[in-house]
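Order-wise, the sequence lines are chains C and V. Here numbering that gives the first Met the number 0 is used: the first residue of the first sequence is 0, the next is one more, and so on. Here numbering that gives the first Met the number 0 is used: the first residue of the second sequence is 0, the next is one more, and so on.
Hints should not be assumed to be uniformly reliable.
With a cut-off of at most 20 Å between alpha-carbon atoms, the simulated EDC-like pairs for lysine to aspartate or glutamate come out as follows [what the hints assert, rightly or not]:
hint	chain 1	residue 1	chain 2	residue 2
1	C	Lys220	C	Glu262
2	C	Lys124	C	Glu14
3	C	Lys122	C	Asp41
4	V	Lys83	C	Glu14
5	C	Lys82	C	Asp49
6	C	Lys192	C	Glu173
7	C	Lys222	C	Glu167
8	V	Lys83	C	Asp280
9	V	Lys83	C	Asp2
10	V	Lys21	V	Glu33
11	C	Lys276	V	Asp137
12	V	Lys159	V	Asp137
13	V	Lys83	V	Glu115
14	V	Lys60	C	Asp49
15	C	Lys222	C	Asp208
It should be emphasised that the hints constitute simulated quantities derived from the structure, not laboratory data. Since the structure is predicted, the reported quantities are computational estimates derived from the model, not experimental observations.
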Amino acid sequence: MLDALDKNLLKAVAELEEIPHGAYNIRKNGKLLTRSTTANIDIETNEEVDGITVKIAPGTVNESVHIPVILSKAGLHDTVYNKFIVGEGSDVTIVAGCGIHCGGPEPEGHEGIHEFIVKSGAKIKYVERHYAGGLGAGKRTLNPTTKVVLESNAVMEMELTQIGGVDEAVRLNEAVLGPGSSLLIVERVMTDKNQSAVSRNEIILEGIDSRSNMVSRSVIKGKSNQDFYATIIARARCHGHIECDAIIMGDGTNKTIPALHAEHPDAELSHEASIGKIAGDQLMKLMSMGMSYDDAVNTIIQGFLR
Amino acid sequence: MLELKDLVFSVDEKDGENGGQKIEIIKGIDYSFEKGKFYAVTGPNGSGKTTLARLIMGINKETSGSIIFEGEDITGLSITERAKLGISYSFQHPARFKGITFRDLLAIAGETDDEEKLLSIVRRMGICPLSFLDKPVDSTLSGGEIKKIELATTIARNPKLAIYDEPDTGIDLWTIMPMVNLLKNEQEENGTTTIVVSHNKSFFEVADTILILNGGAIIYEGDMEGALPMLADFRICNFIPCERGEMDARCFR
């Protein structure tokens with residue numbers, strides 16, 4: 000059912016060696032490949048739009064859902080709309096991701112819209128990895144959109160990683176936070192050659208005592224470009240922070256634009272942003288411990304993207 | 000074990016009336032450091048102490064002269080190559096990283112990721128608690144914490160020659176003596192040739208030799224007793240441009 004290529008892609012995007020335990024839905028070349036549900040986690044095909052609805056029953060704890068997408072068909076542009084309803088008081092991990100193998104000159108791409116309704120008191124960790132490989136010259140495009148609604152006291156951690164090989168990516172993350180809820184987004188993107196990646200983020204702190212932290216780490220190699228936009232809009236007593244750092248290697252370019260909108264007098268918002276080459280003092284420290292220049296660069300980049 | 004031969008380091012003066020001229024920071028130093036000895040290098044600000052230390056590690060490249068380490072000319076060698084020969088360096092202002100922990104640095108320095116070996120280095124340093132190992136070496140660390148990490152990674156190399164640039168910067172008064180004892184202990188037990196750049200008397204007291212630098216040259220080599228009058232002299236303000244006329248002479252140093 001899974002060939003060697005599929006297994007490689009699955010390993011890259013979902014850290015899966017085999018078919019996972021628990022609930023899963025694996026989509027290959029625009030079609031359902033295999034699916035499994037559990038007593039607490041239901042996955043249904045959405046009849047109106049191409050995609051699935053994942054329903055997690057209230058109180059579900061220590062369970063996970065894997066929903067990787069793999070593409071290896073030349074010329075295919077796959078679009079999917081997935082919806083997640085995370086029940087009250089549950090605590091789950093959702094692992095998504097898209098792996099593209101491009102073997103020919105034709106472009107391949109995936110547009111995934113993921114919508115999350117996280118009910119009161121629920122806790123969710125969402126991991127999304129994007130990777131493209133293959134020797135083909137076709138353009139690999141990944142345009143993910145994530146829409147999040149956190150109800151009261153819900154907690155969400157998002158780990159969004161674009162590992163490499165993606166020629167063009169336009170990401171959109173939107174979140175609305177209810178009272179007492181909290182959201183952590185950690186985004187890591189590495190681009191090389193002539194690749195480009197744009198990340199747009201809008202976080203609305205709607206509820207009292209909501210909190211958000213957006214961390215972005217960009218590594219820009221070759222002649223690639225990355226643009227990062229993040230806006231926090233605060234409409235209640237709340238706390239929001241944006242931390243965005245970019246390391247430029249080679250002849251890359253970067254635009255980093257954090258924005259803070261306080262629409263309430265008790266909003267506490269902050270941001271820190273930096274763009275630059277690898278710091279000389281970091282390189283010297285590692286080299287003074289016996290590392291070569293190249294190994295020191297790799298160690299710093301790996302740590303930065305960890 | 001370490002020989003400096005007519006070591007010169009100069010930089011270009013960029014601005015002012017001397018623009019384009021060379022300024023010598025280190026003015027032809029000749030000196031031999033003996034194996035297993037503890038050296039304290041001191042002198043006024045701008046005397047060339049840190050530059051001298053950086054020249055030995057290869058962080059700054061000498062303008063002329065040569066450096067011989069254990070009989071081998073290391074003048075043209077990189078930082079990495081010098082580190083591999085057994086020279087270790089502790090920075091005055093240690094680098095802060097993102098996503099790299101104390102454990103990561105210690106594993107690189109000690110060339111091992113064996114938990115027991117890492118813990119034994121941490122114990123040798125007297126760092127408590129052991130949970131400190133998984134702290135990220137970033138801007139959240141205090142000045143004292145990052146200096147302890149810097150020292151630990153220097154010692155973990157088991158160097159033949161350890162250079163410490165102002166190890167007491169950011170360290171509280173109560174921690175200085177344990178630090179002095181640690182460095183002294185490393186010298187005595189492992190025979191580490193130790194060079195400490197410092198203004199702190201506690202290091203002079205345990206040093207075998209005190210070197211005083213002024214204006215890029217070594218102006219004194221000897222023990223504490225002989226050094227004290229000269230050091231006292233540096234405390235007297237002799238920096239004329241700082242004075243505001245004879246009637247209102249004040250030291251701004």
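Verification of the supplied hints:
Our distance criterion of 20 Å between C-alpha atoms is broken by lysine 220 of chain C and glutamate 262 of chain C, whose separation comes to about 38 Å. A hinted pair counts as satisfied when its Cα atoms are at most 20 Å apart, and lysine 124 of chain C with glutamate 14 of chain C qualifies at roughly 15 Å. Of the pairs offered as hints, the one joining lysine 122 of chain C and aspartate 41 of chain C holds, with about 18 Å between alpha carbons and a cut-off of 20 Å not exceeded. This hinted pair does not check out: lysine 83 of chain V and glutamate 14 of chain C have alpha carbons roughly 37 Å apart, beyond 20 Å.
Straight-line distance between C-alpha atoms of lysine 82 of chain C and aspartate 49 of chain C comes to about 11 Å, which keeps the hinted pair within the 20 Å bound. With a C-alpha separation of about 29 Å, the suggested pairing of lysine 192 of chain C with glutamate 173 of chain C is violated against the 20 Å cut-off. In summary, the hint linking lysine 222 of chain C to glutamate 167 of chain C is supported, as the alpha carbons are separated by about 13 Å, within the 20 Å threshold. The suggested pairing of lysine 83 of chain V with aspartate 280 of chain C holds, with an alpha-carbon distance near 19 Å, which does not exceed 20 Å.
Only pairs whose Cα atoms come within 20 Å are accepted, and lysine 83 of chain V paired with aspartate 2 of chain C is rejected, the gap being roughly 46 Å. Restraint check for lysine 21 of chain V and glutamate 33 of chain V: the C-alpha separation of about 32 Å exceeds 20 Å, so the hint is violated. For the hint linking lysine 276 of chain C to aspartate 137 of chain V, the alpha-carbon distance of about 17 Å falls within 20 Å, and the restraint holds. Straight-line distance between C-alpha atoms of lysine 159 of chain V and aspartate 137 of chain V comes to about 29 Å, which puts the hinted pair past the 20 Å bound.
Under the criterion of a C-alpha separation no larger than 20 Å, the hint pairing lysine 83 of chain V with glutamate 115 of chain V is inconsistent with the structure, at around 23 Å. At most 20 Å may separate the alpha-carbon atoms for a hinted pair to count; lysine 60 of chain V and aspartate 49 of chain C exceed this at roughly 63 Å. A threshold of 20 Å between alpha carbons decides the hint, and for lysine 222 of chain C with aspartate 208 of chain C the separation of about 42 Å lies outside it, so the pair is violated.
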